[in-house]
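Protein chains in written order, with full-length UniProt numbering: chain A, 1 to 230; chain B, 1 to 213.
Honestly, the hints are just simulated from the structure, not real lab data. None of the values given here were measured: they were computed from a predicted structure. Any given hint might turn out to be false.
Chain B residues, not near chain A, derived (Cβ > 12 Å throughout) [as the list claims (entries may be wrong)]:
#1 Arg10
#2 Pro12
#3 Ala22
#4 Ala54
#5 Ala94
#6 Trp211
Simulated restraints on C-beta separations [unchecked claim]:
#7 Asp30/A <-> Leu9/B: 32 to 38 Å
#8 Ala22/B <-> Asp113/A: 55 to 61 Å
#9 Val15/B <-> Asp113/A: 23 to 29 Å
Derived coverage of chain A by chain B (criterion: at least 3 residues anywhere in the stretch with Cβ under 8 Å from a Cβ of chain B; other residues may be distant) [what the hints assert, rightly or not]:
#10 60 to 70
#11 89 to 102
#12 189 to 200
For each residue, glycine too, the CB sits at the ideal point set by N, CA and C.
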Amino acid sequence: MILSHDIPAASYWSVRLRTGRLLRLTALDDGAVCSALIFAASDPVDRLNVPDTLKAQLSARIRPPMVLMSDRGTALCSVTGSSLDWHDCLTGHSLDGHAEAAGRSSNATDRNDWRRSARYGLLSELRKHGRGPTDLHGCVNFFAKVAIGDDGRLAYDPRHATAGDWVTLRAEQELLFVCSTAPHPMSPTWAPGAVRAEVHVGTRYGPDDPSVTFRPESARALAAAKAVTT
Amino acid sequence: MTVLIESPLRPPAAVLDRTVAAGDGYVGRIPAGGSLRIVDLHGNQAVDTLFYDAGNLANRYSAFDTIREQGSAYLTTGSRLLSVDLDPLVTITADTCGRHDTLGGACAQESNVVRYGMHTRHQHACRETFLRYGAEVGIGARDLGHNVNFFMNVPLTPDGGLTFANGVSAPGAYVEVRAERDVVVLISNCPQVNNPCNGWDPTPVRLLGWWSA
Numbered sequence: 001m002i003l004s005h006d007i008p009a010a011s012y013w014s015v016r017l018r019t020g021r022l023l024r025l026t027a028l029d030d031g032a033v034c035s036a037l038i039f040a041a042s043d044p045v046d047r048l049n050v051p052d053t054l055k056a057q058l059s060a061r062i063r064p065p066m067v068l069m070s071d072r073g074t075a076l077c078s079v080t081g082s083s084l085d086w087h088d089c090l091t092g093h094s095l096d097g098h099a100e101a102a103g104r105s106s107n108a109t110d111r112n113d114w115r116r117s118a119r120y121g122l123l124s125e126l127r128k129h130g131r132g133p134t135d136l137h138g139c140v141n142f143f144a145k146v147a148i149g150d151d152g153r154l155a156y157d158p159r160h161a162t163a164g165d166w167v168t169l170r171a172e173q174e175l176l177f178v179c180s181t182a183p184h185p186m187s188p189t190w191a192p193g194a195v196r197a198e199v200h201v202g203t204r205y206g207p208d209d210p211s212v213t214f215r216p217e218s219a220r221a222l223a224a225a226k227a228v229t230t
Numbered sequence: 001m002t003v004l005i006e007s008p009l010r011p012p013a014a015v016l017d018r019t020v021a022a023g024d025g026y027v028g029r030i031p032a033g034g035s036l037r038i039v040d041l042h043g044n045q046a047v048d049t050l051f052y053d054a055g056n057l058a059n060r061y062s063a064f065d066t067i068r069e070q071g072s073a074y075l076t077t078g079s080r081l082l083s084v085d086l087d088p089l090v091t092i093t094a095d096t097c098g099r100h101d102t103l104g105g106a107c108a109q110e111s112n113v114v115r116y117g118m119h120t121r122h123q124h125a126c127r128e129t130f131l132r133y134g135a136e137v138g139i140g141a142r143d144l145g146h147n148v149n150f151f152m153n154v155p156l157t158p159d160g161g162l163t164f165a166n167g168v169s170a171p172g173a174y175v176e177v178r179a180e181r182d183v184v185v186l187i188s189n190c191p192q193v194n195n196p197c198n199g200w201d202p203t204p205v206r207l208l209g210w211w212s213a
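Only chain A is shown next, with the shape it has when bound in the complex (with noise of 0.2 Å):
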């Protein structure tokens, strides 16, 4: 292991990722949510795109095997692995909005327990990267599912996720992945929590990994990232 990070229940954070490096986020709480925007790091442009990603594999939610599809058509990283079968990735991040509806807050007042929106931290973490609002584009709430009615109706579950859920993103080009774990806009209370980040150096794969075979759609992505990356 190269990097373990616990970040605190309505917090935020980002790392950068090399090549074949392994994420792996684990919910410290029941009901933890890493709503997360991922960034080719070695392209000023290029970042996840949620709709091609779900398109190309016929999927309204993100599990493995899935790859992570970047707006210029590359493979950003593979979900390898996970404990939930749906991470949330059609209703954002949540806003000030959402967080002042538990009440106001400030650091004045509740110092580093003040409630900041998903919209603040991940604001805050992209400016540290030279980035800013035109950088957000649709994310992934890992650990989070909003299921889907019939008639497109969205419900947010609550008790999707509990404490040791775990997912496991292999990065197949170099990343910038930033997150906040504030709760998720649909969350009816304010009952953030911790998620733990682990940097693992990670294994080559090969032409039977799954997230290869999985839809000739993931393999052409896979594909485009390697050329950007050998």
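Based on the hints, put chain B in the right spot on chain A.
Just chain B now, with coordinates in the frame of chain A:
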């Protein structure tokens, strides 16, 4: 249940009346209170559309905030299309199609390669049109959020599936939006020929606009 709502606005009174050819695009400004109608002239034609706050292009349409706040994955009459700051940009005021997608994104030459193979790398795509017309008003690649696909049918299933289905639109079907503030609208009349989103045959659409110049 799908509810179809017609508009009282009459084409002869429109200040904008323009046909957008198959595979072409449009960029323009709609003043607050103005109405824009998009007519699917031949049926089953996806119209990829982005909206921006004309006073602050960073305050752009947000598909995921929009569907979360309305609690439903599809757009129809009454849907308020929100920006990244949750400001209403436009409201759908009439819709004779019944349902529109905002999760399927726009086709791109690069994503066409992922979906269909390298032989599609040089086929025309919505992202090309967005970049070409967006450049006229200062909208570049980083400013392209996730768009609306008017007239496109992308059903979701309770088990988390997503498919591209045959369109639910028909010749002459239209959707109309009212600007809730001054907005910039950026349109790509989708040139995709590799899936049923345009009935395998892209066709022109008509734009009609009503506002005081």
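Each hint, compared with the structure:
Here Arg10/B stays apart from chain A, with its beta-carbon at least about 32 Å from theirs, past the 12 Å limit. With a minimum CB-CB distance of about 36 Å to chain A, Pro12/B clears the 12 Å threshold, and the non-interface call stands. The beta carbon of Ala22/B is kept farther than 12 Å from every beta carbon of chain A, the shortest such distance being approximately 21 Å. No Cβ of chain A approaches the Cβ of Ala54/B within 12 Å, the least distance being about 16 Å, so the stated non-interface status holds.
The Cβ of Ala94/B sits about 20 Å from the closest Cβ of chain A, beyond the 12 Å cut-off, so the non-interface label holds. With a least CB separation of 28 Å from chain A, Trp211/B remains clear of the 12 Å interface cut-off, as annotated. A hinted range of 32 to 38 Å is violated for the C-beta pair Asp30/A and Leu9/B, which are about 52 Å apart. Range check, Ala22/B to Asp113/A: Cβ separation about 57 Å, and the 55 to 61 Å hint holds.
Distance hint check: the CB atoms of Val15/B and Asp113/A are about 54 Å apart, inconsistent with the given range 23 to 29 Å. For the region 60 to 70 of chain A, the assignment as covered by chain B holds, since 4 residues bring a beta-carbon within under 8 Å of that chain's beta-carbons and 3 suffice. With 5 residues having a beta carbon nearer than 8 Å to a beta carbon of chain B, the region 89 to 102 of chain A meets the requirement of three or more and the stated coverage holds. Coverage of the region 189 to 200 of chain A by chain B is violated in this model, with 0 residues showing a Cβ closer than 8 Å to a Cβ of that chain against a need of three.
Checked against the numbered hints given earlier, this structure breaks hints 7, 9 and 12; the rest are met.
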